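These protein sequence lines map, in sequence, to chains R and E.
Residue numbers for the first sequence follow UniProt numbering, beginning at 1 and rising by one.
Residue numbers for the second sequence follow UniProt numbering, beginning at 1 and rising by one.
Treat the hints as calculated values from the structure; they're not laboratory data.
Treat the hints with care, since some could be wrong.
The calculated lysine to any residue pairs, modelled on SDA-like cross-linking and capped at a C-alpha distance of 25 Å, are [what the hints assert, rightly or not]:
id	chain 1	residue 1	chain 2	residue 2
1	E	K5	E	A119
2	E	K78	E	D67
3	R	K362	R	W172
4	R	K350	E	T49
5	E	K78	E	D12
6	R	K324	E	F40
7	R	K324	E	E93
8	R	K104	R	W172
9	E	K75	R	R347
10	E	K11	R	I19
11	R	K324	E	E97
12	R	K324	E	S66
13	R	K91	R	I65
14	R	K169	R	D105
15	R	K349	E	D54
Remember, it's a predicted structure, so these values are computed and weren't measured experimentally.
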Amino acid sequence: MTVKQTPLYETHLRYGGRIVEFGGWSLPVQYTGIKDEHNAVRTKAGLFDVSHMGEVVVNGPDALIFLQTLVTNDVSKLERNQILYTPMCYKHGGTVDDLLVYKKDADHYLLVINAANIEKDWNWMQENAEEFDVKLTNISNETAQIALQGPLAEVILSNLTDAPLSKLKYYWFMPEIDVAGKKVLLSRTGYTGEDGFEIYCSPEDVTYLWDTIMEVGSPLGLLPAGLGCRDTLRFEVCFPLYGHELSADISPIEAGLGMFVKLDKEEFNGQGTLQEQKTNGPKRRIVGFEMVDRGVARAEYPILVEGSYVGVVTTGTYAPSLDKNLGLGIIQAEYAKVGQKIDIEIRGKKVSAQVISKPFYKREGK
Amino acid sequence: MNIPKELKYSKDHEWVKVEGKVAIIGVTDFAQSQLGDVVFVELPDESGTVKVGDGFSVIESVKAVSDIYAPISGKIVKVNQALTDSPDLINQEPYGEGWIVVIEMSDSSELDDLLDSDAYAQLAAEGGH
Numbered sequence: 001m002t003v004k005q006t007p008l009y010e011t012h013l014r015y016g017g018r019i020v021e022f023g024g025w026s027l028p029v030q031y032t033g034i035k036d037e038h039n040a041v042r043t044k045a046g047l048f049d050v051s052h053m054g055e056v057v058v059n060g061p062d063a064l065i066f067l068q069t070l071v072t073n074d075v076s077k078l079e080r081n082q083i084l085y086t087p088m089c090y091k092h093g094g095t096v097d098d099l100l101v102y103k104k105d106a107d108h109y110l111l112v113i114n115a116a117n118i119e120k121d122w123n124w125m126q127e128n129a130e131e132f133d134v135k136l137t138n139i140s141n142e143t144a145q146i147a148l149q150g151p152l153a154e155v156i157l158s159n160l161t162d163a164p165l166s167k168l169k170y171y172w173f174m175p176e177i178d179v180a181g182k183k184v185l186l187s188r189t190g191y192t193g194e195d196g197f198e199i200y201c202s203p204e205d206v207t208y209l210w211d212t213i214m215e216v217g218s219p220l221g222l223l224p225a226g227l228g229c230r231d232t233l234r235f236e237v238c239f240p241l242y243g244h245e246l247s248a249d250i251s252p253i254e255a256g257l258g259m260f261v262k263l264d265k266e267e268f269n270g271q272g273t274l275q276e277q278k279t280n281g282p283k284r285r286i287v288g289f290e291m292v293d294r295g296v297a298r299a300e301y302p303i304l305v306e307g308s309y310v311g312v313v314t315t316g317t318y319a320p321s322l323d324k325n326l327g328l329g330i331i332q333a334e335y336a337k338v339g340q341k342i343d344i345e346i347r348g349k350k351v352s353a354q355v356i357s358k359p360f361y362k363r364e365g366k
Numbered sequence: 001m002n003i004p005k006e007l008k009y010s011k012d013h014e015w016v017k018v019e020g021k022v023a024i025i026g027v028t029d030f031a032q033s034q035l036g037d038v039v040f041v042e043l044p045d046e047s048g049t050v051k052v053g054d055g056f057s058v059i060e061s062v063k064a065v066s067d068i069y070a071p072i073s074g075k076i077v078k079v080n081q082a083l084t085d086s087p088d089l090i091n092q093e094p095y096g097e098g099w100i101v102v103i104e105m106s107d108s109s110e111l112d113d114l115l116d117s118d119a120y121a122q123l124a125a126e127g128g129h
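Next comes chain R alone, as it looks inside the complex (with noise of 0.2 Å):
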């Protein structure tokens, strides 16, 4: 498989950063440290490349039922310009994909998914559509994508639009408006736990937007920020991220994402199985747990309770906002409370730690 580029590759190289490749993509995993940048994002503004992410429009007609078939989120409740999140599920309930969902208008919608699963996500779709009357494009590579993150970010993008950004909520979006003069889809969302923006634009405008917000942001504290922390800033917030908390073998329900499963709307993939995890409760769940001893819990380490394996580790890491050793995990559920001492084995080596709640991190005033 080639290592594919995103339009800001060479930004990357000129701005210092370490490149490594992600899900298939040359990425930057930091350019100053993986600390710095998170910090950058919590107190003041850090500036990602998400360009790898991919894009699908779906047109026509049938727009709405075939996503309400497709996603186990509530399609219907979307106003124009409004975003959902929503898990997007296998007929026996395991996870495809978790992604966005932009209402453009009634029979038109844009679907933002994870960069390591645009082929999957686009053979599902194509054969879940087949039924319907409305057509798919996958515009993934003639879209970047660029997410403006922290407190800061309103300040900085201000002063590059005469959008009224003060009014643009939450999961909300503005379908083309002028920022440094480049049309952009802008939409309040992100992937960090703070305020920010997510801008949609052409791989041909995406370069100059970077630098200008950056020449803009710079004074003010803006870093340009790698997939590391963008790691340890979804953690924290214990967003779930593909292929470690949610996957083919891990349902929503599992994930703890029940409310982005809405069981009293039309028929969708995975209903049944999802309807009795939901009504019974999932037999394995994902837990948030503290190192109580030394040691980073890293993915795929086993987690045991009195020397029985119960289950294992789906993201560990340093957490730069709390200062500990963090991690999340799917055990089985009768384990999964507050308080609960479990070991986590590291190199052959059990390693004491303890069941806490989540989220780990939360924005104040939110």
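Based on the hints, put chain E in the right spot on chain R.
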């Protein structure tokens, strides 16, 4: 990139400072910059013995878990306990307060297999592989 002239280096990015029969071991400036923010160091037991190439310590940054290999054989006579509470010393002073262990060498001829600063600088310039 700081690569002191007076030290010897392994291809695995450890540095070795020889003082008589003992050698002080740490990781290079290049290694710490590649690792990023160090958040945890798993230290070996004092008085353990190691052979060249043994993994004797683990350094974890926010993102990565890296084994540290013994550049020479011998007995571990001292371990830098300060790293337990301040693992970031490895980022701040890789050749100073961020040292990891002191090894009493069992075969000082192994030192001949290590790189000098020029050879290591070239390795680092090539991306470290």
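Status of each hint after checking the structure:
no.: 1; hint: E/K5 <-> E/A119; verdict: holds, 11 Å
no.: 2; hint: E/K78 <-> E/D67; verdict: holds, 19 Å
no.: 3; hint: R/K362 <-> R/W172; verdict: holds, 21 Å
no.: 4; hint: R/K350 <-> E/T49; verdict: holds, 23 Å
no.: 5; hint: E/K78 <-> E/D12; verdict: holds, 21 Å
no.: 6; hint: R/K324 <-> E/F40; verdict: holds, 11 Å
no.: 7; hint: R/K324 <-> E/E93; verdict: holds, 23 Å
no.: 8; hint: R/K104 <-> R/W172; verdict: holds, 11 Å
no.: 9; hint: E/K75 <-> R/R347; verdict: holds, 22 Å
no.: 10; hint: E/K11 <-> R/I19; verdict: holds, 22 Å
no.: 11; hint: R/K324 <-> E/E97; verdict: holds, 23 Å
no.: 12; hint: R/K324 <-> E/S66; verdict: holds, 20 Å
no.: 13; hint: R/K91 <-> R/I65; verdict: holds, 17 Å
no.: 14; hint: R/K169 <-> R/D105; verdict: holds, 18 Å
no.: 15; hint: R/K349 <-> E/D54; verdict: holds, 18 Å
Comparing the model with each numbered hint stated earlier shows that all of them hold.
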